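Spelled out, the chains give:
There are 2 protein chains.
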Amino acid sequence: MSFVDVIAKKRDGHALSRGDIDQFVQGITAAQIPDYQASALLMAIVLRGMSDQETFWLTDAMLHSGERVDLSDIPGIKVGKHSTGGVGDKVSIVLAPIAAACGVVVPKMSGRGLGHTGGTLDKLEAIPGFRTDLSIEQFKDVLRRTGACIIGQSASLAPADKRLYALRDVTATVPSVPLIAASVMSKKLAEGGNALVLDVKCGHGAFMKAEPDAAALARLLVAIGANSGVRTEAVITNMDAPLGRAVGNAVEVVECIETLKGDGPPDLTALVIVLASRMLVLSGRFDERGAEPAVRGAIASGAALDRLRALVEAQGGDARVVDDPGRLPRAAHRRPVAAPAGGYLATLQADLLGRASMALGAGRQRIEDRIDHGAGILIARKPGDPVREGDTILELLYNDDRGLDEAAALAGAAIRIAAEPPPMRPLVLGRVA
Amino acid sequence: MSFVDVIAKKRDGHALSRGDIDQFVQGITAAQIPDYQASALLMAIVLRGMSDQETFWLTDAMLHSGERVDLSDIPGIKVGKHSTGGVGDKVSIVLAPIAAACGVVVPKMSGRGLGHTGGTLDKLEAIPGFRTDLSIEQFKDVLRRTGACIIGQSASLAPADKRLYALRDVTATVPSVPLIAASVMSKKLAEGGNALVLDVKCGHGAFMKAEPDAAALARLLVAIGANSGVRTEAVITNMDAPLGRAVGNAVEVVECIETLKGDGPPDLTALVIVLASRMLVLSGRFDERGAEPAVRGAIASGAALDRLRALVEAQGGDARVVDDPGRLPRAAHRRPVAAPAGGYLATLQADLLGRASMALGAGRQRIEDRIDHGAGILIARKPGDPVREGDTILELLYNDDRGLDEAAALAGAAIRIAAEPPPMRPLVLGRVA
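Same order as they appear, the protein sequences are chains X and D.
Here the first sequence stands for residues 57 to 489, numbered as in my numbering.
Here the second sequence stands for residues 57 to 489, numbered as in my numbering.
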């Protein structure tokens, strides 16, 4: 079938065949299908949708467009983790050492921050010397030695996704649950784990603003995992306000270390315990009752912190930061953002704080932007807290004041004070298994 | 607004502003918007539609992307004509001389045949020496001298349409009533006439297969004309079977000459009289009662045939063909296609006969294909005619037998015999003014 006929099929609301989808993905990978045809099909998919079966085929074709990491020669059950992206989302840095301390192998490939969401790689690179550009062999070597390793996505994994994502970004074809799900899962399945825990973010600071959309994405991600023989669970979590009390890079690493010491903020700690428990259950090493105590034990005993130390060292970083966070980059200046009125902090809008952090230099607008690892935001009050007029709600941390006024304006807009205690959504909104 | 936001707006079902549409068309014309963004927006338009207001703005922007022919220094009312394309549609070649003979100036820019529909330019070029590539000044000179001129579309008219059409063709974004209407009308309005008669074809051999679709297109075309101050009427006509008894190039010119002599096939003659009458009425020179007798008079008196002779000569062609059609190219061979059974000829499916004619060499699959002006099909029996088994229904005319078997197969498939006289749709299905 000519590719124009494939486009017309989807345009007219019909399901694509496995052959159509293979033709598309192979054509994209080999750069044989021109971008203008690919983008027309992508828009037709955004507006006409895809069935689960079509999405399975798409994921599979994207997965097979590149290499799949073979972890079979590493002993143990490998459980991956992925978050759909939020503000202040440092969970992986806490989670991987905990799961590793409990005997689960955590092979983790992460992305960089772009727009208002931060990236795990950028946060880890705040640690002097830390390398995220390991080869697959080095990655496997660290996994063998420490039970966890966090690196950047290899270019050889799911190359079709890279070309498609770049095209979707400039053609307004990002918002499609099947396309998002196939993109996430083709990469995660290529990482070669036996099971996968997904943190599907929902709210102001997440791509999915509404719970039904997040639930639909979670359901599809889990179905794709099952279809590929990888046991997958998704937890839908609230991303209206940033997670924890720090947004940025070095400040988030500090918060991760505190959390592994048992001194983390309640929301981050609670989420890490939920996700780590699910990883332990999926690994088969723990049952539903045993998982959470094991997670809490790994924190209390210091075993998880030891794993972080080992991981940082194995990836070339200065492991002394774990005991002396003062060795991390710092911002030279602080500017407080005060409560404009008394009452209760009703909203701390995550996406606006993410943009404020970016304006301070902690994130990037374009892929080529450099990051100031010391910049960021500290959160003094969380939604639900009572506040008096003039109380410090946030502290903006910066070295370069070029973006300070913009950041202050965004931070101010993120704050809403109410006379009554605000209704609060739970942190965990749902779970799909 | 960034162009990605414009695409997202239409993707989400919102109306584009005049500024959005101008940005699109200017970006297309200057090649500043990449094809992959243009095709994503086109697919969003196909699936989300456009309001009349958006379509008016799109047409206007496309019209202003290039030159608009100024015919104000030519005396008389100029009335254009356009057909949405069919099989055996030679109407313009008969119509232009008739209207000119009645004192209406007919500036006509035509297209070439592609796929199963033939093109007026290809038919006229069957006449030895006939030139369709006149400059605008030469075009106006012929109009002044003969009252009618038929040339190819100037590249300087609506250049945005040329780029958009080429892109739509390879991205499955052709079938959209607003996009089709804006494409047709931007070109027709650029031709500079005062009024316009449109022949919107409907049926097997037309782009619009169903009457409601043809009616929607006709309504929109007329609305765009009115919005631009050009009095426009559309006649919706049946294109289930080819028009007349000839499909091809030279054979269609012969049929045009016969029709101007009063010896044409009834369907072609009837349609020409309807369309010519509407042109006369729109010109303001004739009222509703006076138009048709004037048309019939121009045929009966030979005045219309004289105009064809003058037009052919003015455009460099051998005008002797009008009196001696034997001077036109001919096919060396004929193959009859016989009725497979007795009964009534129920269907003579226009699109299949168009493709058969193309296979014989009379049309082109790709824009660069050469045409055999002598090849084509003669139609011995029309739908509704009683037939006996073995009667000749069609004659395939060819010089090169490479496509003969394919043409015979297509022609055979186009024929359906029924035991009872078939229900017949009228030739004129509706009129929109």
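Among the hints, erroneous ones may be present.
Sample of chain D residues facing chain X (criterion: CB under 10 Å; computed from the structure) [said to hold, decoys possible]:
| # | residue |
| --- | --- |
| 1 | V60 |
| 2 | A64 |
| 3 | K66 |
| 4 | A87 |
| 5 | D91 |
| 6 | A100 |
| 7 | Y221 |
| 8 | T227 |
| 9 | A228 |
| 10 | V233 |
| 11 | A475 |
| 12 | E476 |
| 13 | V484 |
| 14 | V488 |
In silico DMTMM-like links for lysine to aspartate or glutamate, alpha-carbon gap of 25 Å or less [said to hold, decoys possible]:
| # | chain 1 | residue 1 | chain 2 | residue 2 |
| --- | --- | --- | --- | --- |
| 15 | D | K218 | X | D269 |
| 16 | X | K438 | X | E267 |
| 17 | X | K65 | D | D456 |
| 18 | D | K65 | D | D319 |
| 19 | D | K317 | D | D380 |
| 20 | D | K218 | D | D319 |
| 21 | D | K438 | X | D323 |
| 22 | X | K196 | X | D269 |
| 23 | D | K65 | X | D129 |
| 24 | X | K65 | D | D68 |
By construction, these hints were calculated from the structure, which means they are not laboratory data.
Quick caveat: nothing in here was measured; it's all calculated off a predicted structure.
Note that beta-carbon positions come from the ideal geometry of N, C-alpha and C, so glycine has one too.
Enumerated hints in conflict with the structure, sorted upward = 4, 7, 10, 11, 12, 13, 14, 15, 17, 18, 20, 21, 22, 23
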